[in-house]
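Read in our numbering, the sequence shown has 77 at position 77, and its numbers run on one by one without any break.
Calculated from the structure, these hints are not laboratory results. Every residue, glycine too, gets a C-beta built ideally from N, C-alpha and C. A few of these clues could be false.
Said to hold, decoys possible - Using C-beta positions, here's what the derived DEER-type ranges look like: (1) M1 to T53: 20 to 26 Å; (2) R116 to D227: 47 to 53 Å; (3) R109 to D244: 44 to 50 Å; (4) Q6 to E224: 35 to 41 Å; (5) E114 to R240: 46 to 52 Å.
Said to hold, decoys possible - For lysine to any residue, the following SDA-like pairs were computed, each having C-alpha atoms within a straight-line distance of at most 20 Å: (6) K106 to D95; (7) K106 to R77; (8) K106 to A132; (9) K212 to S42; (10) K232 to A75; (11) K212 to G57; (12) K212 to A182; (13) K118 to L91; (14) K106 to R72; (15) K212 to R72; (16) K212 to G248; (17) K118 to S140; (18) K118 to G141; (19) K212 to P243; (20) K118 to Q138; (21) K212 to R77; (22) K232 to H200; (23) K212 to P103; (24) K118 to P103; (25) K118 to D137; (26) K232 to I242.
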Amino acid sequence: MTLRAQELSVGYGERDVLTHVDVPLPEGQITAIVGANACGKSTLLRTFARLLTPRHGTVLLDGAAITSLPTREVARRLGFLPQSPVPPEGLTVEDLVHRGRFPHRKLGRRTTAEDRAKVAWALEATGVADLAQRPLDQLSGGQRQRAWIAMALAQDTPILLLDEPTTYLDLAHQLEVLDLLADLNAQGRTIGIVLHDLNHACRYAHHLVALKQGRVYAAGAPAEIVDETLVKQVFGLDSRVIPDPVTGTPMCVPIGRTVVQAPAGSQH
């Protein structure tokens, strides 16, 4: 199943955020979308998910314009987790995750054994099974984020789009989520993900898209495109790019200001 933005221009009011962007999500791969704040990352993902209407160009889902497809059919093929979603008041974790099964139910049909199995799997996979009966508004930000990810997983779509899914998570849980996405990808899912952390993007993505001021600055395998020039041009940051000592993928080490170390034994 394929998803592609073709000659896409999208804006708000009179301002264009994306201009003639052509971005395929390679089938069966993880694609990370990176760039500075306000470069159009979330706008691109929201347009992929049919939440925004292009001014020019189109999004193609399996070769068909996504705007021409029935909403329920799109929801069976494509799952989307937005940035900082807001749940209905009083919803428990399990209630939220069950909502991921709505596209698969016929009108008036009750929850099936398959629905319950998918929900249980999603709760376990994201580490929130013990929180299933807790109201979402009683959870920490990290717990709530994992519950939302569980809902997206329960939707069980071949394409999964996530906008900054590691927000609010500590480092250990960030890696757990990214490892989970890597496992889902190994099972055949195509994944598009917006990430702020360039090193995480390089480590987990097969394909990387770097946006700059609403245009594609570079796209390709991280090892082929990520260097000190890209980091400077896209993020405005001086850095050294070296091989990750664990994976060998590019790792960005910011230079920043020189910090003068206090002499050994000195008092503070």
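The hints, checked one at a time:
For M1 and T53, the Cβ-Cβ distance of about 22 Å falls inside the hinted range of 20 to 26 Å, so the restraint holds. Between R116 and D227 the CB atoms are about 49 Å apart, so this pair conforms to the stated range of 47 to 53 Å. Distance hint for R109 and D244: a CB-CB separation of about 48 Å, consistent with the stated range 44 to 50 Å. For the pair Q6 and E224, the supplied restraint of 35 to 41 Å is violated, since their beta-carbon distance comes to about 23 Å.
Roughly 50 Å separates the CB atoms of E114 and R240, a value that falls within the hinted 46 to 52 Å. With a C-alpha separation of about 18 Å, the suggested pair K106 and D95 falls inside the 20 Å cut-off, and the hint holds. Proximity of K106 to R77 is assessed by CA-CA distance (about 16 Å); at most 20 Å being required, the pair is judged to hold. Taking the CA atoms of K106 and A132, the gap is about 25 Å. The hint is violated against a cut of 20 Å.
Distance hint between K212 and S42 is fulfilled; the C-alpha atoms sit about 13 Å from each other, no more than 20 Å. Between K232 and A75 the CA atoms are separated by roughly 38 Å; this puts the pair beyond 20 Å, and the hint is violated. Between K212 and G57 the alpha-carbon distance is near 19 Å, which keeps this suggested pair within the 20 Å criterion. As the CA atoms of K212 and A182 are separated by approximately 26 Å, the hinted pair breaks the 20 Å bound.
At most 20 Å may separate the alpha-carbon atoms for a hinted pair to count; K118 and L91 meet this at roughly 19 Å. In summary, the hint linking K106 to R72 is supported, as the alpha carbons are separated by about 10 Å, within the 20 Å threshold. With a CA separation close to 33 Å, the supplied pair K212 and R72 exceeds the 20 Å bound. Restraint check for K212 and G248: the C-alpha separation of about 26 Å exceeds 20 Å, so the hint is violated.
With a C-alpha separation of about 24 Å, the suggested pairing of K118 with S140 is violated against the 20 Å cut-off. Taken as a hint, the K118 and G141 pair is broken in the structure, with Cα atoms around 24 Å apart against an allowance of 20 Å. Of the supplied pair hints, the one linking K212 and P243 is violated, its CA atoms being roughly 24 Å apart against a limit of 20 Å. For a cut-off of 20 Å, the pair hint linking K118 to Q138 is broken: about 24 Å separates their Cα positions.
Only pairs whose Cα atoms come within 20 Å are accepted, and K212 paired with R77 is rejected, the gap being roughly 29 Å. The straight-line distance between the Cα atoms of K232 and H200 is roughly 18 Å, inside the 20 Å bound, and the hint therefore holds. Restraint check for K212 and P103: not satisfied, since their Cα atoms lie roughly 35 Å apart, outside the 20 Å limit. Restraint check for K118 and P103: the C-alpha separation of about 13 Å stays at or below 20 Å, so the hint holds.
Pair hint K118 plus D137 does not hold up; C-alpha atoms about 23 Å apart against a cutoff of 20 Å. In summary, the hint linking K232 to I242 is supported, as the alpha carbons are separated by about 15 Å, within the 20 Å threshold.
Of the numbered hints stated above, those contradicted by the structure are hints 4, 8, 10, 12, 15, 16, 17, 18, 19, 20, 21, 23 and 25, listed in ascending order.
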